[in-house]
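Required output: the full structure, derived from the provided sequences and hints.
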Amino acid sequence: MKPSPKPAGISRRQLLTGAAAVAAAAPLGGCDSLADNEHIGDAVQRIEQTLSMRVQRLLIGRGALAREFEIKDLSPQFKVNGTDKPGGDDYQRLLDTGFSNWRLVVDGKVRNPLSLSIADLKSLPPRTQITRHDCVEGWSAIGQWTGVPLSRVIDLAGPTADARYVVFHCADQYEQASDGNGQYYESIDLVDAYHPQTILAYGMNGKDLTVGHGAPLRLRVERQLGYKHAKYVMRVEVVDSFARIGRGHGGFWPDRGYEWYAGI
Amino acid sequence: MSESTFASFTPVLVRRHSIVVRVTHWLNVVCLTFLLMTGLQIFNAHPRLYVGSYGADADRPILEIGTRGGDDDLHGYLRVGGLTIPTTGMLGVSKRNGETVERGFPSWITFPGYTDLATGRRWHFFFAWFLLFNGLAYLGYGIFAGHFRRDLVLETDQLGLAHLRQQIADHARLHFPKGEEARRYNALQKIAYLAVIFVLLPLMIVTGVTMSPGADAAFPWLAGVLGGRQTARTIHFAAAFSIVGFVLIHLIAVLASGVLNNLRSMITGRYAIVPEKSA
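Chains as they are written, first to last, in our numbering: chain A, 1 to 264; chain B, 1 to 279.
Careful: at least some of the hints might be erroneous.
Taking beta-carbon pairs under 10 Å as the criterion, some of the chain B residues facing chain A (in silico) [as the list claims (entries may be wrong)]:
#: 1; residue: A45
#: 2; residue: S53
#: 3; residue: G55
#: 4; residue: R68
#: 5; residue: F126
#: 6; residue: F144
#: 7; residue: G208
#: 8; residue: M211
#: 9; residue: F219
#: 10; residue: G224
#: 11; residue: G227
Stretches of chain B that chain A covers, calculated by requiring three or more beta carbons in the stretch to come under 8 Å of a beta carbon on chain A [claimed, not checked]:
#: 12; segment: 35-43
#: 13; segment: 229-240
#: 14; segment: 255-264
Hint data in this document are derived by calculation from the structure and do not stem from the laboratory.
Glycine is no exception: its CB is placed at the ideal position from the N, C-alpha and C atoms.
Following this line, the structure appears as structure tokens:
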């Protein structure tokens, strides 16, 4: 499978060709052979993702806020999803010492790499927001999150001119992948990184983040689906490209076929 | 009931469906088929429906497809409100390649047939875009070329209660208008088409968009109007099955009112009308 040399843009001709290919192929083979066809699958993916992301960005712009709720709207029980506790001795040691030795590393395309303790993060002006978390599976839960706006942390580190994305490296290995790429990570672009509701959260529903919800620190990127909200964040890396991270699609789930821009 | 009954009367071929109606109709068939099958794949990832803004495992669903029992004794069920219906073989537990699997909707009605949420979503959104463009082309044509006014708006004589009652009775016995009356859509047909075109399909798109956290930031009032994201998801599901219901009735009507004539009219545009003896 070679990567497509073309940029992600699509033309009307490609749209029609893709649609025609799908319509022509549908009655021929079984449904699964259609789903497994690499060329058709790639065309469907490229057309859908480009359209979905561009139209959403057009509609919400940079600043539109996700809806915020009130205390009375909170889910009685916020579902723990994905990893409920990272494995390994390293995380256990951090947990045993109350994360006092934990440091968030901020590096990559920055002038001033940082190493921040939870106390450092808590000393920055916090933001608290009650938002709805929408899982890609279809369920939703409402929770209250407290943390530092990511923009603040990035600005402290001083991104260089070629900075384009922010990558979140996590402590949890969600899958024992044969190629060693089971480590959870996610990435967003600078539009979302500088959005006022994008925070590195250390608190949930008025308490410190629990292990199930990503202690000691997780991302909240409220205009996207749940899998973008990386838990157990250990390192924030500013990059110009995520092509060489993981399998190159910008996140654990994007590496497994899910949209990188998870606005729907 | 078959066309040959009227063989002694020379059928008149009339122009029934314009090229735009025919093309958009068949594209819709492709879109809706994929949207349903990929939609059920997506639903299977969390086969429960809720009312309100939130809803997850710990919250009470209004509809649930589930599985209970052990390894060798699996039972599928559909629970709607307080009612539990055993659905083993169809919902909750079904066979795939001879193997018993725990699955919301069975393999044969989902796309792909195996469990793959990412692929299901990708194809769902692809065909959602396609449905939207196709729908806009059709709406533009309907408005500007007079298709809605000419073919779909109920005429005065079709609006009477007695007429509608007669139509319902005729449809129930699969008796459809013939002769001159067959030149236009009958009243129930028009009502059904109008409901699908102006209520169900727009509702599908609007509730689908409401589920998007991105679109929610753009149109925060949408979820409010619809009663919350999870309510929107429930309406999305209910509207989808209303469309399935429409398609089933539509197919029965197509079969019962002369399948070849109907198919020809939706492919070539020509529809045969058999003049009645007394007409």
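Now the hints, each set against the structure:
Contact between A45 (chain B) and chain A, as hinted, is supported at the beta carbon level, the nearest pair being about 4 Å apart and thus within 10 Å. The closest approach between the C-beta of S53 (chain B) and any C-beta of chain A is roughly 6 Å, which is under the 10 Å cut-off, so the hint is satisfied. The beta carbon of G55 (chain B) is positioned within 10 Å of a beta carbon in chain A (closest approach about 6 Å), and the interface hint is therefore held. A least Cβ separation of about 20 Å between R68 (chain B) and chain A goes past the 10 Å threshold, and the interface hint is therefore violated.
Checking F126 (chain B) against chain A: minimum C-beta separation of about 4 Å stays under 10 Å; hint holds. Among the interface hints, the one on F144 (chain B) is violated; its C-beta lies about 21 Å from the nearest C-beta in chain A, farther than the 10 Å criterion. Among the interface hints, the one on G208 (chain B) holds; its C-beta lies about 8 Å from the nearest C-beta in chain A, closer than the 10 Å criterion. With its C-beta approaching chain A no nearer than about 7 Å, M211 (chain B) sits inside the 10 Å limit, and its interface hint holds.
Taking 10 Å as the C-beta cut-off, the interface hint given for F219 (chain B) holds, the closest approach to chain A being about 8 Å. The restraint placing G224 (chain B) at the interface with chain A holds, with a minimum CB-CB distance near 8 Å, inside the 10 Å limit. At about 13 Å, the closest approach between the beta carbon of G227 (chain B) and any beta carbon in chain A exceeds 10 Å, and the interface hint on this residue is violated. A count of 3 residues in the segment 35-43 of chain B with a Cβ less than 8 Å from any Cβ of chain A is obtained; the coverage claim is therefore met, three being the minimum.
Given as covered by chain A, the segment 229-240 of chain B passes the check, having 3 residues with a CB less than 8 Å from a CB of that chain where 3 are the minimum. Beta-carbon proximity to chain A at under 8 Å applies to 0 residues in the segment 255-264 of chain B; the threshold of 3 is not reached and the given coverage is violated.
Going down the numbered hints, you'll see the structure goes against 4, 6, 11 and 14, while the others check out.
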